[in-house]
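Enquirer: Letter by letter, the chains look like this.
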Amino acid sequence: MDYAIEMLHITKEFPGIKANDDITLQVKQGEIHALLGENGAGKSTLMSILFGLYQPDIGTIKIHGQEVKINDPNDANKYKIGMVHQHFKLVHNFTVLENIILGIEQTGFAGKLKTSEARKKVMELSEHYHLNVDPDAKIEDITVGMQQRVEILKMLFRDNEILIFDEPTAVLTPQEIDELMHIMKDLIKEGKSIIFITHKLNEIKAVADRCTIIRKGRYVDTVNVADVTKEELSEKMVGHKVSFVVDKTPAKPGDTVLSVKNLTYKPKGANKPLLNNVSFDVHKGEIVCIAGIDGNGQSELIFNISGLQDPTSGTITMNGKDITHDTIRHRNDDGIAVIPEDRHKHGLVLDYTVAENMILKSYYKEPFSHHGFIDFNEMYKYSDHLVEEYDVRSGEGSKSIARGMSGGNQQKAIVAREIESDNDLLIAVQPTRGLDVGAIEFIHKQLVKHRDANKAVLLVSLELDEVMTVSDRILVMYEGEIVGELDPKKTDVKELGLYMAGSKRGAGYEK
Amino acid sequence: MKNKVGFFQKDSTRSVISSLIAIAIGLLVGFIIMLISQPDNALQGISILLTGGFRDGMSSLGNVLYLAVPVMMTGLSVAFAYKMGEFNIGVPGQYVVGAFVGLYVGIKWTFLPNSIAWLVAILLGGIAGAIWAFVPGILKAKCNVNVVISGIMMNYVGLLLVIQGVKSWLYESTGAQSQVISGARAIPNAGLDVIFPDSSANFGFIIACLLCVLAWVIMNKTTFGYELKATGFNKDAAKYAGMNETKNIILALVLAGFFAGCGGAIAYLGGTGKALQISEVLPAEGFNGIPVALLGLSNPIGCIFASLFIAYVNVGGSFVQNIFPIEIVDIITGVIVYFASFTLFIKLMFARRDAKREAKREAEELKARGGEQS
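Going line by line, the protein sequences match chains A and B. In terms of this note's numbering, the first sequence has 407 at position 399, counting the first letter as 1, and numbering is strictly consecutive. In terms of this note's numbering, the second sequence has 66 at position 58, counting the first letter as 1, and numbering is strictly consecutive.
Derived by calculation from the structure, the hints in this document are not laboratory data. Heads up, a few of these hints could be off.
Over 12 Å on every C-beta distance to chain A, these chain B residues come out as not near it, computed from the model [claimed, not checked]: (1) Q52; (2) L58; (3) K116; (4) R193; (5) I226; (6) G233; (7) D244; (8) S349.
Straight-line distance between alpha carbons at most 20 Å, and here's what the computed DMTMM-like set of lysine to aspartate or glutamate pairs gives [to be verified]: (9) B:K355 / A:D495; (10) A:K457 / A:D473; (11) B:K247 / A:D359; (12) B:K229 / A:D302; (13) A:K353 / B:D244; (14) B:K247 / A:E386; (15) A:K260 / A:D495; (16) A:K292 / A:D430; (17) B:K255 / A:D318; (18) A:K26 / B:D244; (19) B:K229 / A:E386.
Predicted model only: the values in this text are computed from it and were never measured. All C-beta atoms, glycine included, are put in the ideal place defined by N, C-alpha and C.
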C-alpha cells in the first residue's frame, strides 16, 4: 500500500513522562487522516517529531516508503511537510504576500525584493483553492479565519505535499469552520495528504477518511471514520464510555444564596456602563447559567461579585449579608468560590507547585497554618488527595511546578481547589474551555454533584451545548444587561441565539 | 512518581557548586590581570590573595567576619526583596540612614546604659532603614512607581540628609567626619575577641547571622512568606486569592529596609573607629549587597557564605597591596566579585547540560531495549 508518510513505533520520553510510547501513524496519499487524543495524549509531541523539532528515542519515519531522518524544520520542508500551527506564525505588520514569501524570498539588484513572480503564484493558488486572499492586506487587518488561509497558502507556495493542521478550528467561528472543511477537501482532491489534529469528534466525522487514536502517549487504534460512531471514537480516546448527556435530576432550589440587585458598573472614562442594572438571585441546589456572546458584561459581572472590581451602584448580598464592597478575603470566607476565566492570570501561581496552589485560598487557615507557620505535611496530604481524586496528571504529582503542566491539568487543579473549598456558592467561568470531552464530562459531573450537595452554582459559559445541558436556569446577557430568563427544558438553541444576539427580550426584561 | 534524586542532582548542591565555579572563574580572571600587570609577582600575588584570610591566623579570620557583616545585611536586604519580585536598589540609602541613626543613638542617648545602648541603636537603625524603604514601597503599591527609580532617589535623599545630620549633631571637627562610637558603648565582643585576637570581630556577626536565619524562616516556613512569594510571582493571582497585595509589597520592602538599616548600624557600632564621611559618595557596602545576593542565589543562608567570601577576598586584597598598586588590587577584587554574580547563569548551564545528557542516556537505553524486543 502506498503511504505518503509513515511514523513507525515512535517513542519519545521526557523526564518524568513518556510522551509517546510506540506510536504508529500511517497516512495514505490523498486522505485526511485525523489524529485524535485528549489534551496531553502526545499529539503535539508526535507532530513535533515529524516536523523535526524533537528526535524520537526509538522509531523510524518513512516518506513514500523511503526511510528518512528529520533533524530540523528545514529537513521537514525538504520532504514537503508543512504545518499550520495552532497559534499562527505570522508577522503582523507585514502584508499577506510578504508573510507568504518570508524566508524564501527572491531578491534582485542590491537586495531589492522581487515579488512579481511570487505574487502571480500566490494569486493562482488562491484562486485555484478558492481562498479569496488579498495579497496586499496587512495581517493585523484581516480576520483570524483569513490569517489561517495565509498559513495554508504558505504551505502551498512551498509546494508542500503533507499538510499538518494542529487544532485548526479552535479559533474559528462556525461559518469559518465550514469553509475550512471545504478547503481541506479541495486540497486532498489535488493529491495532498492532510494530518488533522483535533479532539472535536463532529469535525472528524465531517471530513476525515481515517483516524488514528492515541491515549496517554500510547497507540490505541486506526479506524475508518465511516465505520465508527462518535460514541465509539470518544470511548477509544478517553478509555471509557462517555455520555454526551449530562445525567441529572430536576433541581430542587432552596433558600437564596446570592442576591444581586440593580448592579451597575461603569469604570472611570467609560462612556457607557459595562453592567447596567443587573438583578438576579441564585438559590441553593440549582445551577444558574449566564449565557451570552463573549464580551457582553459576563466578565465584569463575575469580577464585581468576586470582588476584583468595585460596583458603581447596586447591592450584592450573600446569605443575607451585604458584601457589595467587602474584601475578596471576606467574600471567600463567606463562602464564595471562583473558577476564574483566566487560569494563568488569576487561577494559579505558575511558579508554585501543585500543592502550594491547592492551598492558595486556605493557606492561612487550620490545618494548613498553625500560629503563622505553614504545615507542609498537611499541605501535601491534602494536595495528594485532590490530585488523586481529580486525576490531575503531571510529572511529579503534588511537587510538580504548575507551569510545566498541560492546560487541561492546570484547569483540573483549579477546579479541584475551588470545589473542595468550603463554599456555598461556586462561580465557574468557562470551566471547560479548551478541554477534551473526557475532562469536560468530568467537570460537568462535578458541577452537578456540587449542586446535589445543596450548594449554589453560577456558571458562565459561551458554549451553547454546555448552557443547554448543564444548567437548571439560563440568564442571557446582552450589552451589560440581562435580557431574559429561560428554562433549558422549554427552549432550544435557536431561541437562545435570538436572545444572545439581542433581537429578543423576555417578559419582565423589556427595555 | 518517586524519582530518586542523587546528591549532585539536588538543587541545593547545584547552587553551591554553581557558586564555587563562579568564584573559580573570577579568581582565574583576577590571576590573568595580575599576570598582565606584573608577570613575575603574579603567582605570589594570587597565593597571598587566596590565603590572606588566614595570613595572620585567627586575627585575619576575625577581620573577615567583621568585614562580612555589612555586605551580609545589604545582600540579605536585596535577596529578600528580590524573592518578592522587587529589586531593592535603594539599599545604600537604607544602609546609610541606619548607620546614622545607630551612631546617633549610640553616642548621644547617654541615658541608655552601656549594656543595652548598642542593641537599641541597632534596632532603631533598622527601623530607620525600614522607613526609608517604606517610601518606595508605598509609591509602588499606591501609584505603581517603579521601585528602582524611587529607590535611587531615596539613596541620594538619605545620603545628603545624613551628611547634614553629621554636620549638625555628630561632627568631629578634627577629621571632617562623624564622631565614632566609644569602646564602652560599642557592640560587645562577646568572647569573639578571645577566639580571634587582635581583630575587629564582634557580636554584630552573630546578630547578622541570626537575622539571615530569621529571614529564611519567614520566607520558607510562614504563611506570611507564602503570601509574599505568591505576590512576587503573580500579583493578580494573589489578589484573586484574597491576599492584600499592596500590603505585601510594602511589607516586603519594609523588611528588606530593616535588614539594610540594621547592617548600617552594626557596621558603625563595632567600636573600630569607623566613621561616617561627609563626602557625597554612597557607601560601597550598599551596592555590594547586589553581588552578594546574586552569589547567594537570593537565599538568606546563601548570603552568609557569599558575604564571607567577599570579605575574605577583601582581606586578602589588603595584603596584596604590598606588591601590587592599590588600583590593580581593586580591579582584581572587583573582577572576582563581578564573576561571582554569574552564579545563576552557571546554574542554568548545569540544568541545560543535564537535560541533554539525560535525553541522550535515555535514548541509548531505550534503543538497547528496543533492539532486544525486535
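Enquirer: Looking at B:L58 again, its CB stays over 12 Å from all of chain A?
Expert: Check passes; 38 Å lies beyond 12 Å.
Enquirer: Can we confirm that no CB of chain A comes within 12 Å of the CB of B:S349?
Expert: holds, 22 Å
Enquirer: Checking one constraint from the list: CA of B:K355 to CA of A:D495, max 20 Å. Satisfied?
Expert: Given that 20 Å is the threshold and the Cα spacing comes to 59 Å, the pair is violated.
Enquirer: Beyond 12 Å from every chain A Cβ: check whether that's true for B:G233.
Expert: violated, 8 Å
Enquirer: Check whether the Cα positions of B:K255 and A:D318 lie no farther apart than 20 Å.
Expert: holds, 19 Å
Enquirer: Would you mind confirming whether the straight-line C-alpha gap from A:K260 to A:D495 stays at or under 20 Å?
Expert: Holds: A:K260 and A:D495 sit about 14 Å apart, inside 20 Å.
Enquirer: Against the 20 Å threshold, does the CA-CA distance of B:K229 and A:E386 hold or violate the hint?
Expert: Within the cut-off at roughly 13 Å; holds.
Enquirer: B:K116: least C-beta distance to chain A exceeds 12 Å?
Expert: With a cut-off of 12 Å, B:K116 remains clear of chain A, as the shortest Cβ separation is near 37 Å.
Enquirer: Does A:K353 pair with B:D244 here, judged by a C-alpha cut-off of 20 Å?
Expert: holds, 6 Å
Enquirer: Between A:K26 and B:D244, is the straight-line Cα distance small enough, at 20 Å or below?
Expert: The hint is violated at about 34 Å.
Enquirer: Just checking, B:D244 versus chain A, shortest CB gap more than 12 Å?
Expert: Non-interface label fails for B:D244: nearest chain A Cβ at 5 Å, not farther than 12 Å.
Enquirer: Just checking, B:R193 versus chain A, shortest CB gap more than 12 Å?
Expert: holds, 36 Å
Hints 5, 6, 7, 9, 12, 14, 18 from the earlier list are contradicted by this structure; the remaining hints agree with it.
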